[in-house]
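Peer 1: From first to last, the protein sequence lines stand for chains E and F.
If you count the first sequence from 1, position 6 lands on 5 in numbering that gives the first Met the number 0, and the numbers rise without skipping.
If you count the second sequence from 1, position 154 lands on 153 in numbering that gives the first Met the number 0, and the numbers rise without skipping.
It cannot be assumed that every hint is accurate.
As the list claims (entries may be wrong) - Using 25 Å as the maximum straight-line C-alpha spacing, the simulated BS3-like pairs for lysine-lysine come out as follows: (1) K26/E x K268/F; (2) K268/F x K249/E; (3) K173/E x K224/E; (4) K43/E x K290/F.
As the list claims (entries may be wrong) - Computed footprint of chain F on chain E, listed as stretches where at least three residues anywhere in the stretch have a Cβ under 8 Å from a Cβ of chain F: (5) 40-52; (6) 107-118; (7) 265-274; (8) 277-290.
What the hints assert, rightly or not - Residues of chain F placed beyond 10 Å of chain E at every Cβ, according to the derived structure: (9) K54; (10) K198; (11) D293.
Honestly, the hints are just simulated from the structure, not real lab data.
Built from N, CA and C at the ideal position, the CB exists for glycine as well.
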Amino acid sequence: MAAETQAQSLAANPPKDADDRDPVYLKIRDLVYQACGIYHSEEKIYLLAGACKRRMALSRAKESRQYLDLISSPSTRVLELRELLNEITIGETCLFRSTPQLTALQNVILPELIATRSKIGLRKLRIWSAGCSTGEEPYTLSMFLLEQSEKLLKGWTFEISATDLNDRSIETAKAGVYGTYALRNTTDLYRRKYFMPSDGDKLQVKDEVRSRITFSRLNLSDDTKMLFMKGIDLVFCCNVLIYFDIPSKKRVVQHFFSNLQAPGYFFLGHAESLYQITDQFRLVHLPGTTTYLKAAPGSEGTPRP
Amino acid sequence: MTTTTPANAELRKRVEKLRSLPSSPAVLQPLLDLLRRPPDEIELSQVVQLVSYEKTITAQLLRIANSPLYARARPAESIQSAIFTLGIQRIEDILLSNCFSNLVPRDKWVVDPAVFWRHSFGCALVCREFAERIDYYDPDKAYLAGLLHDLGIIVNSLAYTDEYRTVLAEAFQSGRPLDEQEKQTLGFTHCESGVILGKTWQLPEAICEVIEWHHDIEHAPPTNPLIALVHLGDLLCRLRGLGYGYEEWRAIDLAADPAWPELARHCPKLANIDLARFTLDLDAFVVRITKLVDTIFSPALALTG
Numbered sequence: 000m001a002a003e004t005q006a007q008s009l010a011a012n013p014p015k016d017a018d019d020r021d022p023v024y025l026k027i028r029d030l031v032y033q034a035c036g037i038y039h040s041e042e043k044i045y046l047l048a049g050a051c052k053r054r055m056a057l058s059r060a061k062e063s064r065q066y067l068d069l070i071s072s073p074s075t076r077v078l079e080l081r082e083l084l085n086e087i088t089i090g091e092t093c094l095f096r097s098t099p100q101l102t103a104l105q106n107v108i109l110p111e112l113i114a115t116r117s118k119i120g121l122r123k124l125r126i127w128s129a130g131c132s133t134g135e136e137p138y139t140l141s142m143f144l145l146e147q148s149e150k151l152l153k154g155w156t157f158e159i160s161a162t163d164l165n166d167r168s169i170e171t172a173k174a175g176v177y178g179t180y181a182l183r184n185t186t187d188l189y190r191r192k193y194f195m196p197s198d199g200d201k202l203q204v205k206d207e208v209r210s211r212i213t214f215s216r217l218n219l220s221d222d223t224k225m226l227f228m229k230g231i232d233l234v235f236c237c238n239v240l241i242y243f244d245i246p247s248k249k250r251v252v253q254h255f256f257s258n259l260q261a262p263g264y265f266f267l268g269h270a271e272s273l274y275q276i277t278d279q280f281r282l283v284h285l286p287g288t289t290t291y292l293k294a295a296p297g298s299e300g301t302p303r304p
Numbered sequence: 000m001t002t003t004t005p006a007n008a009e010l011r012k013r014v015e016k017l018r019s020l021p022s023s024p025a026v027l028q029p030l031l032d033l034l035r036r037p038p039d040e041i042e043l044s045q046v047v048q049l050v051s052y053e054k055t056i057t058a059q060l061l062r063i064a065n066s067p068l069y070a071r072a073r074p075a076e077s078i079q080s081a082i083f084t085l086g087i088q089r090i091e092d093i094l095l096s097n098c099f100s101n102l103v104p105r106d107k108w109v110v111d112p113a114v115f116w117r118h119s120f121g122c123a124l125v126c127r128e129f130a131e132r133i134d135y136y137d138p139d140k141a142y143l144a145g146l147l148h149d150l151g152i153i154v155n156s157l158a159y160t161d162e163y164r165t166v167l168a169e170a171f172q173s174g175r176p177l178d179e180q181e182k183q184t185l186g187f188t189h190c191e192s193g194v195i196l197g198k199t200w201q202l203p204e205a206i207c208e209v210i211e212w213h214h215d216i217e218h219a220p221p222t223n224p225l226i227a228l229v230h231l232g233d234l235l236c237r238l239r240g241l242g243y244g245y246e247e248w249r250a251i252d253l254a255a256d257p258a259w260p261e262l263a264r265h266c267p268k269l270a271n272i273d274l275a276r277f278t279l280d281l282d283a284f285v286v287r288i289t290k291l292v293d294t295i296f297s298p299a300l301a302l303t304g
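Just need the whole structure built from these sequences, with the hints factored in.
Peer 2: This is the structure in structure tokens:
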């Protein structure tokens, strides 16, 4: 009876492709999660299967099981995992990618930061977009905060540090020119207010938006440079740590922790987790999203035993 | 346990009235009995018997089983085939929501019944999953507790219809947790009213305790881990779109909640749960639950008036 029930309940949710129910993808899912900390839930497994199939088309693996071998065997593992991650995160970058993050910032986090910082006489927010790629994230944050400058952030200033390892990404980011695909989540209000026309149907961000951002090249594994990023209120580091091995990830996350002022927040990509990476940050639930908190010392809640 | 205050006596008087309501659901006791048993101990004949309590139920089950949600090759024509298609769990869910729908006249539902059941089924499912992940010994009991924890919302809708409309409107406006808003406007919460009905209906003691204390962990009896479990499951649901139909704008550190150490006392495995990953899995539940509830409550399928 129980087996029948389960089989039937699976039939209740026809997947987009029958292959997605291939149990091999569950193994690949767990492997990717353990190696990179990026997790595909049941409803997202088809995305992972899609990424695997795109990789399979380019490799000698013709079936999912062969592909599992490819990303588990010691000789091919590291390279293939990196390629797969590229496929997984492809097309992930666009402006205003995560609405739940922004609404949570507006309704929960900014009010809290404003309250705690005001108490110590601060009226400036420092935000770090670590691994900013081609600039979508820092520009989104800059526009979003500019929108708040007559409301929540009245009388406040902010500055955004946007860093990436890749020089070419930084150059593209500095130009601030985006096509329709990157702008697919950008509302008319933002388009009108913060962009000007560029080549073809592309749009370029206005100076007002760009002037709040400092772009620079930074290797997150460079311990010396990491020590200089102090007094940060919010760190955004989306789909970057997934490329690090566990020891490097621990080290980088330790830097982020010390760079943040408490209470300060550390945002990861939607499907990323810090499980077993650190206990210093506290996982915090917000409507529709989660984030990691560096709690103020002596604040409510003691670290987990 | 409950002290008698004027508000309390008044509440009791109002709840007494509930007993005289026409449809004290005959199906409820055998249904709860069924819900408390592990799936492999359930006989098909018992379920068929239960389904036959209400003539309208059979028709409804057949229609749900033949809806596009359960893509069947051939239409289900008998109760048995409908039960196989839907699975015991779904049948139980549908029976339960149906028996409450009959209890509450349409114009007395203050919370939209679809929203209420989305929250109740969602919480039930989350509680069971949660229970399984932390090795709580009886996941099915956790399911039942999650399902019934907000019985008081039904009581408040019935006995305090107009005042309760105000409470909901205020909570929508402020984004405050419902129990806080109830306390302020009515002077008591759905926990206090729910447990009176729970006891009248002779629900199991452990379930009554969950109903009574799930918003007041500090005063809850320390012997019943279900209270803490449902408290945490309920919070998770409310931050993942399975709440009362509005967003509560707050950040919740579940591990710093008093329910966390309380639950950990009974289930040591809680300390190692990957909460970020569990939360991502929740998104899959949300999709599943929403589909189920929408099917039960879609206008074409609605039967009771």
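Peer 1: Each hint should be assessed against the structure and marked as holding or not.
Peer 2: Hints versus structure:
no., hint, result
1, K26/E x K268/F, "23 Å, holds"
2, K268/F x K249/E, "23 Å, holds"
3, K173/E x K224/E, "21 Å, holds"
4, K43/E x K290/F, "17 Å, holds"
5, 40-52, "holds (count 4)"
6, 107-118, "holds (count 3)"
7, 265-274, "holds (count 5)"
8, 277-290, "holds (count 9)"
9, K54, "25 Å, holds"
10, K198, "33 Å, holds"
11, D293, "13 Å, holds"
Violated hints for the displayed structure: none, as all numbered hints are satisfied.
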